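Here is how the chains run, residue by residue.
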Amino acid sequence: MNNMYTFDTSTLWAALPEIFLLSAIVVVLLLDLFLTKPFKQATYYLTQISLFITGVMAFNLIDQPQTIIFSGSFILDNMASVFKVFMIGSTMVAMVYTRHYLIQHALFRGEYFVLVLLSVLGMMVMVSGYSLLTLYLGLEILSLSLYTLIAIARERAGAVEAALKYFVLGAIASGLLLYGMSMIYGISGSINITDIANFAANADLASRETLILNFGLVFLVIGIAFKLGAVPFHMWVPDVYQGAPTSVTLFLSTVPKVAAVAMLVRILVDGLGAMHAYWADLFMVLAVLSIALGSVVALMQTNIKRLLAYSTISHVGFIMLGFVTGVISGYGAAVFYVFVYILMSLAAFGIVILLNKKGFEADQISDFKGLSKHSPWFALMMLVVMLSMAGVPPFIGFYAKFFILQQVISAGFVTLAVVAVVFAVISAYYYLQIIKSMYFEESDKDITIVAPMDMQLVLSINAVLILVVGIFPDFWIKLSLSLF
Amino acid sequence: MEQIYLTIALAPLVGAIFAGFFGSLLGRMATTVITIAGVLISTVLSFYVFNHHVLEGGEVFNQNLYTWMQIGELNVSVGFLIDNLTAIMLVVVSFVSLMVHIYTIGYMHDDAGYTKFFSYISLFTFSMFMLVMSNNFMQLFFGWEAVGLVSYLLIGFWHHKESAVEANLKAFLVNRVGDFGFLLGIALVLMYFGSLDYVEVFASLGNVTGVTMLDGTSVITVICILLFIGAMGKSAQVPLHVWLPGSMEGPTPISALIHAATMVTAGIFMVSRMSPMFELSETALIVVMVVGAITALFMGLLGIVQNDIKKVVAYSTLSQLGYMTVALGVSAYSVAIFHLMTHAFFKALLFLAAGSVIVALHHKQDIREMGGLRKKMPITYWTSLVGTLALIGFPGFAGFYSKDMIIEAVHFSQLPFSDWVYVAVVIGVFITAFYSLRMFFLVFHGESRMDEHTASHVKESSISITLPLVALAIPSALIGYLTIDPMLFNGWLDNAITVAANHTSMASLEANFHGANGMIPHALQTLPFWMMVGGIASAWVLTLYRSQWADWIQKKFHRSNYVLESLYGFDRFNDIVFVGGIKKLGNFLWKVSDSGLIDKILVNGSARFVGFIASMVRPIQTGYVYHYAFFMIVSLLIILTWVLFAGDNPLLEL
Numbered sequence: 001m002n003n004m005y006t007f008d009t010s011t012l013w014a015a016l017p018e019i020f021l022l023s024a025i026v027v028v029l030l031l032d033l034f035l036t037k038p039f040k041q042a043t044y045y046l047t048q049i050s051l052f053i054t055g056v057m058a059f060n061l062i063d064q065p066q067t068i069i070f071s072g073s074f075i076l077d078n079m080a081s082v083f084k085v086f087m088i089g090s091t092m093v094a095m096v097y098t099r100h101y102l103i104q105h106a107l108f109r110g111e112y113f114v115l116v117l118l119s120v121l122g123m124m125v126m127v128s129g130y131s132l133l134t135l136y137l138g139l140e141i142l143s144l145s146l147y148t149l150i151a152i153a154r155e156r157a158g159a160v161e162a163a164l165k166y167f168v169l170g171a172i173a174s175g176l177l178l179y180g181m182s183m184i185y186g187i188s189g190s191i192n193i194t195d196i197a198n199f200a201a202n203a204d205l206a207s208r209e210t211l212i213l214n215f216g217l218v219f220l221v222i223g224i225a226f227k228l229g230a231v232p233f234h235m236w237v238p239d240v241y242q243g244a245p246t247s248v249t250l251f252l253s254t255v256p257k258v259a260a261v262a263m264l265v266r267i268l269v270d271g272l273g274a275m276h277a278y279w280a281d282l283f284m285v286l287a288v289l290s291i292a293l294g295s296v297v298a299l300m301q302t303n304i305k306r307l308l309a310y311s312t313i314s315h316v317g318f319i320m321l322g323f324v325t326g327v328i329s330g331y332g333a334a335v336f337y338v339f340v341y342i343l344m345s346l347a348a349f350g351i352v353i354l355l356n357k358k359g360f361e362a363d364q365i366s367d368f369k370g371l372s373k374h375s376p377w378f379a380l381m382m383l384v385v386m387l388s389m390a391g392v393p394p395f396i397g398f399y400a401k402f403f404i405l406q407q408v409i410s411a412g413f414v415t416l417a418v419v420a421v422v423f424a425v426i427s428a429y430y431y432l433q434i435i436k437s438m439y440f441e442e443s444d445k446d447i448t449i450v451a452p453m454d455m456q457l458v459l460s461i462n463a464v465l466i467l468v469v470g471i472f473p474d475f476w477i478k479l480s481l482s483l484f
Numbered sequence: 001m002e003q004i005y006l007t008i009a010l011a012p013l014v015g016a017i018f019a020g021f022f023g024s025l026l027g028r029m030a031t032t033v034i035t036i037a038g039v040l041i042s043t044v045l046s047f048y049v050f051n052h053h054v055l056e057g058g059e060v061f062n063q064n065l066y067t068w069m070q071i072g073e074l075n076v077s078v079g080f081l082i083d084n085l086t087a088i089m090l091v092v093v094s095f096v097s098l099m100v101h102i103y104t105i106g107y108m109h110d111d112a113g114y115t116k117f118f119s120y121i122s123l124f125t126f127s128m129f130m131l132v133m134s135n136n137f138m139q140l141f142f143g144w145e146a147v148g149l150v151s152y153l154l155i156g157f158w159h160h161k162e163s164a165v166e167a168n169l170k171a172f173l174v175n176r177v178g179d180f181g182f183l184l185g186i187a188l189v190l191m192y193f194g195s196l197d198y199v200e201v202f203a204s205l206g207n208v209t210g211v212t213m214l215d216g217t218s219v220i221t222v223i224c225i226l227l228f229i230g231a232m233g234k235s236a237q238v239p240l241h242v243w244l245p246g247s248m249e250g251p252t253p254i255s256a257l258i259h260a261a262t263m264v265t266a267g268i269f270m271v272s273r274m275s276p277m278f279e280l281s282e283t284a285l286i287v288v289m290v291v292g293a294i295t296a297l298f299m300g301l302l303g304i305v306q307n308d309i310k311k312v313v314a315y316s317t318l319s320q321l322g323y324m325t326v327a328l329g330v331s332a333y334s335v336a337i338f339h340l341m342t343h344a345f346f347k348a349l350l351f352l353a354a355g356s357v358i359v360a361l362h363h364k365q366d367i368r369e370m371g372g373l374r375k376k377m378p379i380t381y382w383t384s385l386v387g388t389l390a391l392i393g394f395p396g397f398a399g400f401y402s403k404d405m406i407i408e409a410v411h412f413s414q415l416p417f418s419d420w421v422y423v424a425v426v427i428g429v430f431i432t433a434f435y436s437l438r439m440f441f442l443v444f445h446g447e448s449r450m451d452e453h454t455a456s457h458v459k460e461s462s463i464s465i466t467l468p469l470v471a472l473a474i475p476s477a478l479i480g481y482l483t484i485d486p487m488l489f490n491g492w493l494d495n496a497i498t499v500a501a502n503h504t505s506m507a508s509l510e511a512n513f514h515g516a517n518g519m520i521p522h523a524l525q526t527l528p529f530w531m532m533v534g535g536i537a538s539a540w541v542l543t544l545y546r547s548q549w550a551d552w553i554q555k556k557f558h559r560s561n562y563v564l565e566s567l568y569g570f571d572r573f574n575d576i577v578f579v580g581g582i583k584k585l586g587n588f589l590w591k592v593s594d595s596g597l598i599d600k601i602l603v604n605g606s607a608r609f610v611g612f613i614a615s616m617v618r619p620i621q622t623g624y625v626y627h628y629a630f631f632m633i634v635s636l637l638i639i640l641t642w643v644l645f646a647g648d649n650p651l652l653e654l
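Chains G and U supply the protein sequences, listed in that same order. Position one of the first sequence corresponds to residue 1 (our numbering), numbered consecutively onward. Position one of the second sequence corresponds to residue 1 (our numbering), numbered consecutively onward.
No lab work stands behind these hints: they were computed from the structure. It should be emphasised that the depicted structure is a prediction, and the values quoted were computed from it without experimental measurement. Don't take every hint at face value.
To be verified - Listed below are the simulated DSBU-like cross-link pairs for lysine-lysine, each with C-alpha atoms no more than 30 angstroms apart in a straight line:
no., chain 1, residue 1, chain 2, residue 2
1, U, Lys-116, G, Lys-373
2, U, Lys-583, G, Lys-436
3, G, Lys-436, U, Lys-591
One chain only, chain U, in its complex shape:
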């Protein structure tokens, strides 16, 4: 099996290396074939691994493959931990990645950076595999940073666009904040557990449980919160979410792959992986839950006022990540992973469909200038419909099962504030339905608002774009129905996730669960369903039936509209406080400490001092051999004298 795991990870890397270094030599065709073959191999093997571990109940594989270094007691290794959680992540990542690879052929067809793009997405796939397969914190961090790096490179892929460069810088900086917390968390783990290996750390949790630091805060709580700050950066939770909307500057395939389906869910994955630790800290769980709820509700609201097709989907991603985080907070880790999986499929689908529209309209992204595309792009239309229904949780579709379970889990949670969180996630359902359908109606239905020239060229996208759409639509529709029972209640994730006995959400969920079929009629009597229907209805009214009402509302509520359109002022706040403040601080430090103290006194001063010493010592090197010989003999005499009188065995005791 070891070879199989290695092949899964390395096949995309090989593709990335070939495409990256020899892309221009090999040409487009060969690059495409090599990278897609690499990911295809990984996908096939991932399904094999999934079958072996999840369906046949294979043994958990945990082994160090290569010792990177051994420093004293600390062993830093590259190793794999393959359990059912990893197996599920492998399938999701490899499948979506494969679809995106295929999609890219069509989407990037006219781009000069074609081979470079393939190299990046293959490299991303490799990094993501390393992240999910890791058996220790160090490799997790490596994967974490590597996916961050590729994300940075891809957001700025069109580097001649000023806005793209700004966006990737923003993503980079904001992620630094998260990673700083993450790294501190890892450092604390090392300090208190003496190991970076998951299994060893989890095994010695008992020894650290009672330990406190910083005037009585439990160490576990501090570690969990720091690790979660890392997750907040990567999974774009408030207030570290600001980079994700900006990341839409990148090409659409990577928005689907990196900024919707896989990388941004790394934080969710990481917290699930750390479930034994998070379970020990009530405080950390409450923080997780509240942050998730804020993200889910308020980021969803922003989706309403967006007019860029990709931005709407981006804010919906933020909101859905919030839902997953809420699930983590109420100890329903398996539900979070379940939603992660369904979301990966339908959100990738929505992004790719948006990309298909963008290509058809020659890179126009404003939904106010679309409309009536249903007839012209039937495949995109129908697959988008599936994706949208899955996203809003329409009964029967994948998102319905996962989102409903999250809401129920919050409902059953005993944590403080969980009632408020319940309210937030239920309102969230209305908002999700509203902005999703608003976008859907504006793009595909109603009158065409395109200009003549664009309208005349609109046609359905090529096969390499529509094929992934169809391939993703199938799981978006079905995967929830098929997997809810085994994944949540029949132990698919039992060997990876620990839930403490006093966190009863999952147990209550199970007690009230009557099979996937039973959920649909049950849902019709619940609040979330009617919230969703309300959302759809209001979207229909405001976009198709009486669109002038929308303008009226906008005028009437211009204050709240202003708040939303300025994105709650996060960007401005960051600009003024952090960017401005740091600039001022930097200026001050530069003038006073850098050029004054360090440059003038320390650097130049010490350089002059060292130079002075050197010029003093150099004349000893006269070049005369008898001087040298003399110097040697004198040194010998000095050493002998020293040994005689000052050494451990003095000849003459003075």
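Chain G extracted, bound-state conformation:
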């Protein structure tokens, strides 16, 4: 391989969204320093504008032919562009919800937005990374920003504890991931995904000489599983979700999952696709454990953020099931599930944030009691989200589960599908429990919604989309399938 690092400026356009976002981050950071208190809102708007422009740039790169630049370490393809657009869109929605939370809890600081932008940059790098090192770089930009974001509520003990836990465990996971990468590099002699793919395709996987490849694979899978929050590397998820400020939990539980799935696809599908049989075995175990634990333990929760954490774990299990199938339609189903999960998760946390008031953190399930009387519209929206998460037709969550199960069955894993369905049924219990307390219980405290109109509007659209896309899922399914 040519070790000379050729820097060809004519190919820079492929990384234009990233370059623009980085420049925007610098501008936002500097500008925020000079803004006096009455004008702090400007940071928020500037953040949204930067995201929007970045999104438009990424959107314009859709349908470009596949381009690999920076000596094979950065790729532009449809998956990268679509994921970027989706991540940026989700972040913008998340920011709308976030602003309300930050204002209510006096956390409105410029750094918050800069950190969010930085983590978006990290995720974009992960999505487009095509060498192990770029991927790792993106992952670390993301992780470091997230640790800091959680700790931004530094006067709250819970937040600091969550940040510290996440940091320590994340460091271990990063270590394992790097260790795995080094093994892959050691045997294949390259960190480029293309080269690794060639090596794996030609290697005799049954021989003892390539055993190190297998070892490296295990470490990589664990690193990815940690980021996704799959059992048994899920321990951080409930604690961090609960401890972090809700707006950070909202962000943390949604957009980074897309990046993690992208990294999964780059390393395991693009790079080590030849070893599918090996990692699919691991995935199967992790997926079943995640679905089972996520569904069962959530039953005992009283904190809604913790409950949603376990629900995330079980959704992650479903996403991983899609990758077990080893066929393109299975991967497509998994990506579809990711889109759906994010749509639902944004709305769920959005409604939790909606109920926040000055100094009041609405994070207990009991805070939803009697919501249907005080705000029938948002109770209805929450109903939609919960039913969708439980997988009730015609909501979008049904189709997501349906396509995963369909792929799993056609790949021959009927038992796996049955297990998944059984636990999905169990998980319906706690979703219904929330609906029950919204509709059939009297509220013991005063619920008033003080959120601004823009948030209410975006949240409503968000939740209504869950129904609308559920009725017309075709576009999203085709889109997901077209990415592979």
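Given the structure of chain G, go ahead and fit chain U onto it with the hints provided.
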């Protein structure tokens, strides 16, 4: 053209949405204008489509517009199949719907649910369009259920009336039975043909023809009979007819639109659409024909003893639907559609006229308390006369051509039992004439039997009510004469309907047909004509000339009278056997299986079990970061060990 088809379907939907969601904001005036404009657009475009396809012989349009989902090989789409059959249905549906929309302005004038009503009837129009324009079974089913839903909502429109709520529940439940058969039929189609697209299914009929299921029954026969059960529910054929008389609880405009002219004919339309399939099954055709004949004869008989003005028309609708079904059974699909069309016009007219009378009498519906309205309501009188003459098949009027053709088609049919069916439909003519004229005479002629107060207020209805009456009277009189030749014998329906070579009814009809003009003198020498004259005469004798004779007959034949007045006991049978039986079964299941087995053991038991597991697993989540790290590393070790020893590439072979 695609845009035009889409506009036809969507214009009423837009109207329905505006009226439904913003009706109270927009007010009555704006709602009326928007919904009527929507239907008017559809009507104009439907005539354009009719002209394009039927008169100018345009190409059949068959295209999927939107893929709803793709599951493996199965493509579920929204698509349109526009051929001449669809074009004719579009014209009929949109025209009647437009008339009913206009009529509603006057009829519902004082009702609090004015805008809601407009929203419903526009929604109905949209659903009906989707049903007739569909190019696949799935969308057909969607339209089928959607019209059923709107029908349900409208029967119970006056939901403060107990009887209305009961009636709409009944309609809903009875239709469930039909729809269950229909859905099974569609499922079998999917199973054996692998597709839901009409054209694809019809193209592969040959592959399924010989296939049998259930110990040798032909699959096609089973599919056809199941689909026909669906049609029996929607088109109210015996024994699934019980909901239609009850549906008269709804406001009269929808009785005209939904329960006479359009929705109830959906079954007839569907069977015609499926003609390539039904033609392959002699058994199914015989079932269709016999069920139709039973309905035509026995439901007509019930019309004689009814005293509610709307109920009489309702039973006559049942009987006429029976005639159409008979036509389907003898493979005279185009005649069935022809009768469907003429019936839509004259039956809508009769219902709207009945509504006009009801409004004038302040919602009194008992014909024994009417009489002598001829002078006071001239427009209603004359248009009713046209409708009645069309219904009984008086030579020259629309119903004459279509009904005569049905009777002739049965006459020429080679199917077993067709002789009996012929007898039934000919007697049916007498009965139709009798009850129609009985009602007509009782309402419009003779002495007034109204109380003083009502009589003093009777006056002709407003323009929005009389205009549709006149507009419907014209086709009721003329449409048969004008269209019989092209529709039945000159290929209007050739691109939509298939008739097998061995079913010769249509061919014999054509051989004996001598033009629309020739039919009238010919009819004077036939049995059906004299049956009709007999019916008119007996009605006159028993209502106007010697009305006491009617009472005498009623006393003398009190047993048969009792049978008729109890509607052959269908309702009581259903009540005792189905409702009672299901209640008992439900009680049993509730006590034993639901609260005993499921609640106590399965639900609570499994909930406790899952809760137990959860409480076992939860302590792992200690909250200590070193526990977590330890857990991760242990998991790593376990996984590595597993990969080493149990994976596909074991390091140490034990």
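Verification of the supplied hints:
no.: 1; hint: U/Lys-116 with G/Lys-373; verdict: holds, 26 angstroms
no.: 2; hint: U/Lys-583 with G/Lys-436; verdict: holds, 29 angstroms
no.: 3; hint: G/Lys-436 with U/Lys-591; verdict: holds, 25 angstroms
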